[in-house]
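Model the full structure from these sequences, guided by the hints.
Each residue of the sequence shown is one higher than the one before, counting from 8 in my numbering.
For the record, the hints were derived by calculation from the structure and aren't laboratory data. Some hints could be false.
Stated by the list, open to error - Cβ-Cβ distance ranges computed for the label pairs, FRET-style: (1) Q75 with A15: 25 to 35 Å; (2) E66 with T16: 21 to 31 Å; (3) R48 with G11: 27 to 37 Å; (4) F54 with S33: 19 to 29 Å; (5) V19 with G50: 19 to 29 Å; (6) G11 with L36: 44 to 54 Å; (7) R48 with A14: 21 to 31 Å; (8) D57 with G11: 42 to 52 Å; (9) G11 with N31: 36 to 46 Å; (10) A14 with I62: 23 to 33 Å.
Beta carbons are placed, not taken as given, at the ideal position from N, Cα and C, and that holds for glycine.
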Amino acid sequence: SSDGMAAATKWVEPTPSDYADVQNESQLLSNTRQLVTDSLRSGEGYFSADGRELIYQSEQPGDNPFYQIFVLDLE
Numbered sequence: 008s009s010d011g012m013a014a015a016t017k018w019v020e021p022t023p024s025d026y027a028d029v030q031n032e033s034q035l036l037s038n039t040r041q042l043v044t045d046s047l048r049s050g051e052g053y054f055s056a057d058g059r060e061l062i063y064q065s066e067q068p069g070d071n072p073f074y075q076i077f078v079l080d081l082e
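If you want it as C-alpha cells, here you go:
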C-alpha cells in the first residue's frame with residue numbers, strides 16, 4: 008500500500024479442540040433465550056447500567072440497509 012503497511016490473513020480448518028467451548032457451553036449457561044428475532048442481522052449488544060435494557064445494533068427489513076441502534080426493555 009502507499010503507506011508502506013501490509014497485512015495478511017490465513018484461514019485454518021478448525022480442530023476438535025476449537026469446539027470445546029461450544030460443547031461445554033451448557034455447563035456454563037442456563038435458561039438462555041433469544042431476545043431479538045425480527046431482524047436480518049443483529050450484533051454488539053450492551054446492557055444498561057441498571058440491567059433493565061439492552062442496547063443493540065440491528066439491520067431491519069425495509070429500505071434502510073444499514074445497522075441502526077435499538078433499545079429493548081427487558082422487564
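Evaluation of the provided hints:
| no. | hint | in the structure |
| --- | --- | --- |
| 1 | Q75 with A15: 25 to 35 Å | holds, 34 Å |
| 2 | E66 with T16: 21 to 31 Å | holds, 25 Å |
| 3 | R48 with G11: 27 to 37 Å | holds, 35 Å |
| 4 | F54 with S33: 19 to 29 Å | holds, 22 Å |
| 5 | V19 with G50: 19 to 29 Å | holds, 24 Å |
| 6 | G11 with L36: 44 to 54 Å | holds, 45 Å |
| 7 | R48 with A14: 21 to 31 Å | holds, 25 Å |
| 8 | D57 with G11: 42 to 52 Å | holds, 48 Å |
| 9 | G11 with N31: 36 to 46 Å | holds, 44 Å |
| 10 | A14 with I62: 23 to 33 Å | holds, 31 Å |
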